[in-house]
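Read top to bottom, the protein sequences are chains D, H and C. If you count the first sequence from 1, position 321 lands on 321 in our numbering, and the numbers rise without skipping. If you count the second sequence from 1, position 43 lands on 43 in our numbering, and the numbers rise without skipping. If you count the third sequence from 1, position 69 lands on 69 in our numbering, and the numbers rise without skipping.
Think of the hints as simulated: they come from the structure by calculation, not from any bench. Check the hints yourself; a few may be wrong.
Below, simulated DSS-like cross-link-like pairs (lysine-lysine); rule was C-alpha separation at most 30 Å, straight line [stated by the list, open to error]: (1) D/Lys106 / C/Lys128; (2) C/Lys474 / C/Lys383; (3) C/Lys390 / C/Lys444; (4) C/Lys128 / D/Lys91; (5) D/Lys100 / C/Lys128.
Label-pair distances were calculated between CB atoms; the ranges are [unchecked claim]: (6) H/Leu63 / D/Phe259: 30 to 38 Å; (7) H/Pro74 / C/Arg310: 41 to 49 Å; (8) C/Asp104 / H/Asp11: 38 to 46 Å; (9) C/Ser34 / D/Pro241: 48 to 56 Å; (10) C/Gly133 / H/Asp91: 13 to 21 Å; (11) C/Glu193 / D/Pro241: 34 to 42 Å; (12) D/Pro241 / C/Pro75: 20 to 28 Å; (13) H/Pro62 / D/Asp452: 38 to 46 Å; (14) C/Ser34 / D/Thr44: 46 to 54 Å; (15) D/Glu424 / C/Ser34: 50 to 58 Å; (16) D/Gly71 / H/Asp91: 14 to 22 Å; (17) D/Pro241 / C/Gly133: 24 to 32 Å; (18) H/Glu26 / C/Gly247: 49 to 57 Å; (19) H/Val88 / D/Glu25: 18 to 26 Å.
We treat Cβ as the ideally placed atom computed from N, Cα and C, and that holds for glycine.
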Amino acid sequence: MSEARDGHPLDGGVRAIAEAVRSGEATAVGIVEEAFRRIRESDTELHCFNLLTEEAALEAAASVDESVARGIDPGALAGVPVALKDNLCTKGTETTCSSKILQGWKPPYDATVVSRLRAAGAIAVGKTNLDEFAMGSSTENSAFGPTRNPWDVTRVPGGSSGGSSAAVAAGLVATSLGSDTGGSIRQPASLCGVVGIKPTYGLVSRYGLIAFASSLDQIGTFAVEVGDAAATLEVIAGHDPADSTSLGQPAPSLLDRLFDGVEGLRVGLISDFLADVAAPCSKAADDAGEALARAGAKVEQVSIPEMLLGLPAYYIIAPAEASSNLARYDGVRYGLRVDGPDVETMNARTRAEGFGPEVRRRIMIGTYALSSGYYDAYYGQAQKARTLVIRAFEAAYERFDVLLAPTTPSTAFKLGAKTANPIEMYLSDLCTIPSNLSGHPAVSVPFALDPDGLPVGVQVLAPALGEALMLRVAATVEAFASPSARGPVRPRPTGGEVEPGG
Amino acid sequence: MTSSAARISLDEVRHVARLARLELTEDEIATLQGELSALLDHVDKVRRLDTADIPPTAHPLPLENVLRPDEVQPCLDRDVVLAAAPAVESDRFLVPSILGDAP
Amino acid sequence: MGETAYETVIGLEVHCELSTATKLFCACANQFGSEANTNICPVCLGLPGSLPVLNRRAVELAMRIGEALSCRIEPSIFHRKNYFYPDMPKDYQISQYDAPINVDGALELPDGSRVGIVRAHIEEDTGKTTHIGGGGGRIHGADHSLVDYNRAGVPLVEIVSAPDIRSAAQARTYVAELRAIVIAAGASDGRMEEGSLRVDANVSVRPAGTPEYGTRCEVKNLNSLRSLVRAIEHEAERQVAIVSAGGSIAQETRHFDENTGLTHSLRSKEEAYDYRYFPEPDLVPVVPNAELLAAARAGMGVMPVERRRRLVALVGSEGTAEQIQTVIELDLDGLVLAAVGAGAEARLALARTANEAAAKAEGARSLDPSAFAALLGMEAGGKLSATQAKTVLAELIDSGGQPGDIARRLGFEAMESSEIDALVDELIAQHPMEWQRYQAGDPKVASFLLGQVMKATKGRANGRLVTEALEARKG
């Protein structure tokens, strides 16, 4: 556990904050007030947040402090400021998916993960920016303007959970929730120098997560340290009867053996991506492999060529499911309505105006891939390619306990660098997509800095429900990582140079 | 950015836009034709895969028979729901005229 | 030039609302007649982030329907059927496509004919739209529409028949029987007037004896048995007129207009709508395990075909079909069986129930079977005339009591056989010509003679005894 930087408990991380609040050493109110102070200082520039819920947060914090004072258990995450990606439903609080079509919409219910966080005493401070409907890899597709990378405000934080990642990276909150459909937690985590976990599909309830691609979406966590991201995950994970795709198990224990080390573990470094990624990214993966070997693991390169089917299969399956999930935004029951002489015209105008170009693109390709005459060639084939990816993973996990890979093909790119060509943007997901197709868990751990001083993450992948082992390996990778490679970082309010957190 | 022969015709783009209820200008249709064609090029290797004996995967999960008991639970307050609606009349959601029956 | 005879080919799709307490995918009440938009939640309203969870009871009832229709109950999955319409909260319907729960069954009609059942699958119902400003609540010319989502998400089983039906009358019988089956199965209340049972008819015609099917049209909006018959008859006529004049049928969906009795085209189905079915990712497969099947089978009532068989076993099938039908439709077959069990003669019990008790069906359902049997015995034994017996029965149903007491109170006493003999002798003396024709075997005159005696005795005479007396004097 890191010690508080700048002396403020907010920088202690999830576990330290909770411990301090539960013991009365720090107040939830004090910590939350500091969070909002930092947000006011930095967020005009960074735009991590679409919306802040300061009043409610301070009330909740006061309530936590009162419980502590009265000897009532305030919860495992008592007083921990958390940011929520704005595709998670928050009762009575605007939830927009960074889209014009949902601007102003207030859900009448909380997502299950939000209820669980609240019940654990965590304090939701606001809703973070994302690529519209979680479609994108840079947060530039937000209808409300991009989020900027705290390491360099001329660069993207990654996406689609850019706001959640940057908020942790900038030290504004201790932890945040994101969603990962093709890499939308892990990629921004890597670009922002923080930890991002995508759990096993079905481990975390999707009830209240506004759907993008239902068979791929998973909610996960961000934090500066592996242990803290795991602590948040423990609270939100576990069976939910409101989600039919929720696994039957209760939340697993992830922290017990986190520092047991990697002695004797078999680690496979996926070689198939190394040629397609920038040198700092492949080097980081190699170096992480070497570090694990020094720590006692048996590390080998492994080729899993089916991994390269992932990207094209994903860009059929995800848009197809999205085209159906987003049909409900028709101007009838909630959200934007653009009038028309008849309901069909009203629907068509509402959707054309309410959805941005990337969302429209994906709805179009998805509709096409499912349409009569093309279903077998595209969606049907993609589902079969998915089977091949899953089988390839299963075969690999007979030889290895975990796999290692780069997280992203590049470090944080400049705003606007990839917006001209959608496909170039899609390539950002190369290394992360296979885990979404298989439903297996994966985590990005900040490991090094590139020659420009930008963070590079490394990915640890594990079989289904292998989180405990995966995080154990991740913790070891973290121990060998360059300390300067991870956040939080706080740019000066003028947007000048970065001050690394430590 | 266009490939020599677009994989999707302008008419097909218009047809898809109708299916998806998106009102697009002719310019937007033309742009989409290029973008969708490029994407179809990109995913073509999946289309060409030999998958003769491979079953499709709809779900990564082995679950079956996830069922709930037939017991009434409290539902949403009508006022809350209608408050979010763009147009309401007689406690119902108002829409402009519907041209035909459901397909 | 001979006229071609045409055969009508009909397939029916019946949507049946299941009588569960809650909706298919959420715990909102499944209740007809609630105030608009008061039975809705994030799931059935399709709010962003909501997810469906399948109702166990709906699965059990769907399996019951499958059993009742002799279907194979298979492992099944759900599919999304994608299309935009304001009554669809998600703009897709969760339904079943190529892996439905029940397949390959058959329905046996009362006349013994069989109609194949292709499939019976589970799907969710839509909301209800009301159209304002078009006159008569019709879509055409309406200014705007209003949507109520109370019905959205109610569980349906869609039962698809093979195109084995050959007439409007047979279609009517099929629907009536199917209705009786789903009610007996406890799966639905079958109330067409409340929309619990909705029928779409696929109608085509072809020259009699040809194997190829003609182009079919789908006729929708049939919400009573009468409409079903009228619509099919009209549609068949319409198609025959076109085809016999050398034209061809456009494949389309047509709407039945109650007022004109005509079908009119809604839209051309030149190309079927592209629903882009794909497996529903938010739900997992349903596998018929022992537990589900046992729960489905428990509580399955007695099927109409079995109820018919039981009565036929008692009374035979000669000329009894209509009475049996009436008695079952009114839920009075139990009374007949119980009366026979208490000693009543079966055919008489059936006749009196179908003809007389039926008029007071509700009261008749709580009629004491042994009292009924006793009354029937009095009639059969000649102590009461038919007319008298009917009067006593009416009183028995209305006020209970014992038939003997009622008869005495009403002054019905059996006529002595000597009285009957005397009357018959007088009759023969007064009508010599008719008596001669009677002796020659003229059936019409027999009724006349009997009628005269009944008139003279104001219905008190026992008709059977009179007939016996006449026969005895035939010589």
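Results for each hint:
Pair hint lysine 106 of chain D plus lysine 128 of chain C holds up; C-alpha atoms about 25 Å apart against a cutoff of 30 Å. Only pairs whose Cα atoms come within 30 Å are accepted, and lysine 474 of chain C paired with lysine 383 of chain C is accepted, the gap being roughly 24 Å. Annotation: proposed proximity of lysine 390 of chain C to lysine 444 of chain C holds, straight-line Cα distance about 25 Å (limit 30 Å). Between lysine 128 of chain C and lysine 91 of chain D the alpha-carbon distance is near 28 Å, which keeps this suggested pair within the 30 Å criterion.
Of the pairs offered as hints, the one joining lysine 100 of chain D and lysine 128 of chain C holds, with about 28 Å between alpha carbons and a cut-off of 30 Å not exceeded. A C-beta distance of roughly 33 Å is found between leucine 63 of chain H and phenylalanine 259 of chain D, which places it inside the suggested range of 30 to 38 Å. Under the hint 41 to 49 Å, the C-beta atoms of proline 74 of chain H and arginine 310 of chain C, about 45 Å apart, fit the expected range. One distance hint, 38 to 46 Å for the beta-carbon pair aspartate 104 of chain C and aspartate 11 of chain H, holds here, with the actual separation near 41 Å.
Between serine 34 of chain C and proline 241 of chain D the beta carbon distance is about 25 Å. The supplied range of 48 to 56 Å is therefore violated. Taking 13 to 21 Å as the suggested C-beta distance range, the pair glycine 133 of chain C and aspartate 91 of chain H conforms, at roughly 18 Å. Distance hint check for glutamate 193 of chain C and proline 241 of chain D: the Cβ-Cβ separation is about 36 Å, which falls inside the suggested range of 34 to 42 Å. Here the CB-CB span from proline 241 of chain D to proline 75 of chain C is close to 22 Å, well matched to the stated 20 to 28 Å.
One distance hint, 38 to 46 Å for the beta-carbon pair proline 62 of chain H and aspartate 452 of chain D, holds here, with the actual separation near 45 Å. Between serine 34 of chain C and threonine 44 of chain D the beta carbons are some 49 Å apart, a value that agrees with the proposed interval 46 to 54 Å. The beta-carbon spacing between glutamate 424 of chain D and serine 34 of chain C, approximately 53 Å, falls within the hinted interval of 50 to 58 Å. At roughly 48 Å, the beta-carbon separation of glycine 71 of chain D and aspartate 91 of chain H lies outside the given 14 to 22 Å, and the hint is violated.
For proline 241 of chain D paired with glycine 133 of chain C, a C-beta distance near 44 Å fails the hint of 24 to 32 Å. Between glutamate 26 of chain H and glycine 247 of chain C the CB atoms are about 39 Å apart, so this pair departs from the stated range of 49 to 57 Å. Between valine 88 of chain H and glutamate 25 of chain D, the C-beta spacing of about 52 Å breaks the proposed range 18 to 26 Å.
Hint violations for this structure: numbers 9, 16, 17, 18 and 19, all remaining hints satisfied.
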